[in-house]
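Student: Chain A is fixed; fit chain B onto it per the hints.
Number of protein chains: 2
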Amino acid sequence: MSERITITEVGPRDGLQLVANTVPTTAKLAWIEALYAAGIRHIEAGSFVSPHLVPQMADSAVVVSQALALPGLQVYGLAANLRGAMAAYEAGAHVIVIPLSVSDRHSRANVNKGTLEHIDAIAQLIEWLRAQPRAVRIDCVAASAFGCSISGEVALADVVGAAKALALAGADRITLADTVGYAHPALVQSTVCAVQDAVGQRLQKLHLHDTMGLGIANALMGLQQGIREFDACLGGLGGCPFAPGASGNIVTEDLVFMLESMGYSTGIDLAKLLSARQAISPYLPAGTLRGGVPAAGIPASYRPATAVAVG
Amino acid sequence: MSERITITEVGPRDGLQLVANTVPTTAKLAWIEALYAAGIRHIEAGSFVSPHLVPQMADSAVVVSQALALPGLQVYGLAANLRGAMAAYEAGAHVIVIPLSVSDRHSRANVNKGTLEHIDAIAQLIEWLRAQPRAVRIDCVAASAFGCSISGEVALADVVGAAKALALAGADRITLADTVGYAHPALVQSTVCAVQDAVGQRLQKLHLHDTMGLGIANALMGLQQGIREFDACLGGLGGCPFAPGASGNIVTEDLVFMLESMGYSTGIDLAKLLSARQAISPYLPAGTLRGGVPAAGIPASYRPATAVAVG
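In order, the protein sequence lines correspond to chains A and B.
Here the first sequence is numbered in this note's numbering, starting from -13 and rising by one per residue.
Here the second sequence is numbered in this note's numbering, starting from -13 and rising by one per residue.
Chain A extracted, bound-state conformation (with noise of 0.2 Å):
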């Protein structure tokens, strides 16, 4: 049996949140379905914010609240205050991803916090959903771990603080978020070592953008350190509004691409993978995908660890 790797893929959430037109609901559901048929059971939906400030996401309530009714799938959405929290509870997601800036500057320029305060603001937020009757799994993003287009280098000390300080608010699991893109691998392997020590294995996911053209070698080495779980996005969509030229997360086709020919099983199909992005292209400027896999096509020696049914 080979091991397993969990990938979310986050690009309904992030993929399309700055993307200029807005999306149709049922266009997103029919993605979300096209990725499903793929074997992706994990998919962070949507994203409980303001509809002004974000106005793609505003009808997350709804499409969280239909994809419940794929058997098995897991459905993330994204909070980053308590309003927000309760709508995707309400919404009935099963996974509240909660971000926290481990940079102070890019926490006031996202959410008007600094990182303490915010911390504080979502130690609140979790004890909230614990005293609900319907248990949620609390998912806590330690965003701009690498880097920060802000502030530029961010102190290693101030990322384990980050995570030491979201495992004591109740966070589940904890994920070390490459907002802007700006890690390199050596970076990826001391900050998930000194995070493991601090939190062990409650740090379970790395979320990375490809902004430097290095996303997929930093998965490498977070996979090298035990990291059994990534995001990713169909076409490396996603981007950060406080990271100009920043090319968006990595690309699921070819993070799939790699661990199945690695021998790692992701359950997906990379085949039926490829034909989800016809769900989602006719809604997007064209040439927002990329992708090295879905531009040169699978080749023909390509084995996947993940068993796919003939037929």
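These are calculated hints, taken from the structure and not from any lab test.
Hints are supplied without guarantee of correctness; some may be wrong.
Some chain B residues judged to face chain A by a derived CB distance under 7 Å, without partners named [unchecked claim]:
hint, residue
1, Leu54
2, Met198
3, Val279
4, Ser287
In this text, a Cβ means the ideal position worked out from N, Cα and C, and glycines have one as well.
Tutor: Just chain B now, with coordinates in the frame of chain A:
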């Protein structure tokens, strides 16, 4: 002192050979000078092949001989047969690069000879070079070492066999080339290990393409296996006539960013390297040059290992 990594810029050869419009000789030389000014000291300047087959390389003798004027620059010339090796020698190349396709079918498509027959021809070619008054370094390349667009998988035993045969034929150094870009990190690891076992330190370099988006991750794995030399192309130029959709070589700018960030010294000034794009971009179709760092710019957090002169 940080450990040294040698990057050979292969843009003037591999990068241009598929470009539709012919780049003037003066532009190639200006580009080589700009690369040199950025600190690059290893450049594959041309290919000594039939100008009917690769018209872009018709001026290789002029480009190589002019590039010799740059102090300390190691000038590489590629040759696939004796006639080409003679021409590369006459032009004054310091290093003669000789490709051999490990895939028999790719070899026949490329040089109209099977792999075994071509090894025999290479042995004769090396004998000729060794008999000349001027000493040259001979770098043999095991091409299609990680897969072939014609025959799919390439057997590891064939790669090891080809490397041994090239060593026996008298190659000073051996490069493993992922000609069509089908490699993944696990394959890089197993192949590099097996070839190191077979030919030891004579395996020096990896030549990687980014077809599946894994080029830089593959370079990272090579680095972890002890490889200290890499080919790369400014802006990720290049491709392979037998790999439709192939997106070119690994991007020199992104590779330098990764290596320097990780504490390896390349001797290359990243800002000047980005400027070197201006010397060639007017001669290329729009959008030909790609790369993460060039699109996003050098982040404020960049701390190169190579000491850069101020001013």
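Student: Going by Cβ atoms only, is Ser287(B) closer than 7 Å to chain A?
Tutor: Holds, because the Cβ-Cβ distance from Ser287(B) to chain A comes to roughly 4 Å (cut-off 7 Å).
Student: Using Cβ atoms only, decide whether Met198(B) comes closer than 7 Å to chain A, and label the hint accordingly.
Tutor: holds, 4 Å
Student: How about Leu54(B): closest beta carbon in chain A under 7 Å, or not?
Tutor: Hint violated; Leu54(B) Cβ to chain A Cβ min 32 Å, cut 7 Å.
Student: Should the hint that Val279(B) touches chain A count as held when the rule is a Cβ pair under 7 Å?
Tutor: holds, 5 Å
In summary, the structure is inconsistent with hint 1 from the numbered list given earlier, while agreeing with all the others.
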